[in-house]
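Engineer: This is what each chain is made of:
Protein chains: 2
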Amino acid sequence: MNKLLLSLLLTSLSLHSLAQTNARDSVMINKIFDEALVNGKGYQWLEMLTKNIGARLSGSPGADRAVAWCDSLCRSIVPDGVTLQPVTVPYWVRGAKEEVMLLEKGQQPVTLAACALGGSVATPAEGLLAPVVMVHSFEELEKLGEANIKGKIVFYTYEMDQRFINTFGAYADAVGYRWRGPSEAARFGAVASITRSIAINVDDFPHTGSMRYIDSLPKIPCAAISTKAAELLEQRLKENKQFKINMKLNCQTLADKPSHNVIAEIKGNEFPDQIIVIGGHLDAWDNGEGAHDDGAGIMHTVEVLRLFKAIGYQPKRTIRVVSFMNEENGLRGGKAYAQLSEKLEEKHIAAIESDEGGFTPIGFGIDANSSQFNKIKTWQPLLEKFGLWHFTEGGGGADISPLKPQGVPLMNLAVDSQRYFEYHHTANDTFDKVHKRELHLGTAAMAAMVYLISEYGL
Amino acid sequence: MNKLLLSLLLTSLSLHSLAQTNARDSVMINKIFDEALVNGKGYQWLEMLTKNIGARLSGSPGADRAVAWCDSLCRSIVPDGVTLQPVTVPYWVRGAKEEVMLLEKGQQPVTLAACALGGSVATPAEGLLAPVVMVHSFEELEKLGEANIKGKIVFYTYEMDQRFINTFGAYADAVGYRWRGPSEAARFGAVASITRSIAINVDDFPHTGSMRYIDSLPKIPCAAISTKAAELLEQRLKENKQFKINMKLNCQTLADKPSHNVIAEIKGNEFPDQIIVIGGHLDAWDNGEGAHDDGAGIMHTVEVLRLFKAIGYQPKRTIRVVSFMNEENGLRGGKAYAQLSEKLEEKHIAAIESDEGGFTPIGFGIDANSSQFNKIKTWQPLLEKFGLWHFTEGGGGADISPLKPQGVPLMNLAVDSQRYFEYHHTANDTFDKVHKRELHLGTAAMAAMVYLISEYGL
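These protein sequences, in sequence, are chains S and A. For the first sequence, counting from 1, position 412 maps to 411 in numbering that gives the first Met the number 0; every step adds exactly one. For the second sequence, counting from 1, position 58 maps to 57 in numbering that gives the first Met the number 0; every step adds exactly one.
No incorrect hints appear here.
Mimicking EDC-like on lysine to aspartate or glutamate, the simulated pairs with C-alpha atoms at most 16 Å apart in a straight line are:
hint: 1; chain 1: S; residue 1: Lys432; chain 2: A; residue 2: Asp431
hint: 2; chain 1: A; residue 1: Lys384; chain 2: A; residue 2: Asp33
hint: 3; chain 1: A; residue 1: Lys30; chain 2: S; residue 2: Asp160
Think of the hints as simulated: they come from the structure by calculation, not from any bench.
Bound conformation, chain S alone (with noise of 0.2 Å):
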């Protein structure tokens, strides 16, 4: 027999052994979201957190409104199963005044829509004043070198790649210009690095997001300005212009601060000691209402209790939802999180997160061995009618991610991305911009994949 005719008999018997709790499953699927999109509660819980709460960065009082008000929430599904874990986070504030301007000699100045990035240090209060260089890769950089860097602002200008049919894929391809830009930049004695904003498509919305600086090179500001923006800066410099820009950013960063993850569980009722942790991220960036980032995945998550609860179903294994703090600009929260499972020795049999937006979820990331891919795999099948397909080797989140040393399987849910980059990490990030149905939608695939996990194991 050759392998594929035995890998194909295989399925077939794995389908065989799946058909005989078909039934039940597929009834419970088909409660988890009739009870989703009848009466789902999720887009009204996020209109409440982007509308009374909205801009919630770590050490900010958003943030603090956040937990309160997550913890608040759980308390109403699951009044004895919320816990908050102490986590210590780092408090960068934006400031008042951003402003980056191009001035041309016997024209008005410009404005180019900008932000500084998370984490950037402040210009000189009047500002920082210097010639701009425009770079399309870091191997560009380098060949310019310090002879044509010093004493510049260095503008990358990197475009996200359209030809990603995921745009994650297109996010990762570029997204070091930010996290490393500035530092690259000062290695050649830049002044200051612009970004093109890590976005889709092309509007006047700056985005900003963390960046990393290196300890032994000096610290330089560094902002995101808007793809609009971009394009007259590239202009400009196409032209030849004589201009020189000047930039004013007064971001600091402050003493750490206490906050919360706020954590919520059912416990299972045959097998309570194995965890199946879901979650999103609670923080979201100052400029916006995090709306999809990760309001969403919040969503996603919490009322995956709310619908257990709803269609009357107890797990056999125990569900931990956790409202992680500080994704965005330092993983204090998910850290924090697997410090504690590590030290109790908990197990884990899998951890699932959401922070890809509130789109039509298409099925889930998954990085785990092969028996247990395998066995989702098998769950496919059922999910399908739901609109579930894609079942990839890959994935997890940056909240979870600790996790991984401790050998836990790693998921996320994949959502449709093509709209994401638009609104990520900017003011546009908005209630209004997530779709009722296509948000609830998500928490019940991320409910029917934890019911799944809770009545078979992993």
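Model the placement of chain A on the given structure of chain S, informed by the hints.
Structural biologist: Chain A alone, transformed into the frame defined by chain S:
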């Protein structure tokens, strides 16, 4: 060997035989997607159609301009491959004044957001004043009978069922109250009918759409009201408020007018007599811009010709793009096309319609015999990386449905359906609701399927 194993073996064999051509096909399909995502023109064409022309119901000056524009666009791609097929179309006009007022004694009149259903007769100029009877189903209508209905306005308040994952299922479930509601009400002596808009959400936009009078029954005026207005009206009726509705519609059906299908083709270089026809519809309701319905379908299909030229693909079989006229209120274009094709004894090997909006494509619905269906299914592995996973039995579209008696396999481009029924047939179906990448992915999906049929036949 059991039957399941045999079918798995056969599948494995067909995958093997496919594998011989995979490499080149994969390259070509990658080229199609890259070209669509990087250089796609459909989005800017859609802006012209929606913003420069806009509303274009059959017979209207807008429809004439749309034909001229589409003709010119197609000629810019295939200069010698364009013909205009004459089609005589109905010409219904809404009239300037539409008003549905709730009149309660001692209260301010309340205007309900409303629009005439397409094809409705007018009310008397001074309006039609009558009490309202609410029904939730045709069964309830029949139970109420003439005693309760005669002289009244029937208010059909049936909500789209949120439980359908694919909202086209919910549409099919609800649309009867629009399509045959007026005549069913007239059967019991109603003087007019009002339908809750067939909308998946609750907002202020009334959704128009066609209806059909039964010839033997009185033709009564009929309108749709927005879902918000329907909920208000329902509330008043539940509270037993004493009120009447005054309905003013001055729409009318004028004499038929000449119009056209726009037909553009590239002849196949190996099997020119084998025709693959694809299309959307050029007409759109008079209250919006027809961006999703069905400007998107025109772009999805006309641009296939441009994509093939751009990547240097010369099809083996003839690719014909028909921009159909009069899908919305008569289907005269689709019927005329099928008639001509039958008369000329043309051989259509496949017909694919796009009329579900410009959202992220997920695959194809397929109405074909099992050998054709299975052949298409063997292409799924090639297409899944582009998000095309949905290959279901059953499919087609209104415009291509008249080809069915000729035995032509019918298909539809299936897209994410979550948002469509917020815009469908409303003033809200505007250009800004269409997403560039989502639209261009749809075009590429259509082109990839057409490429495979052109290469391998069906």
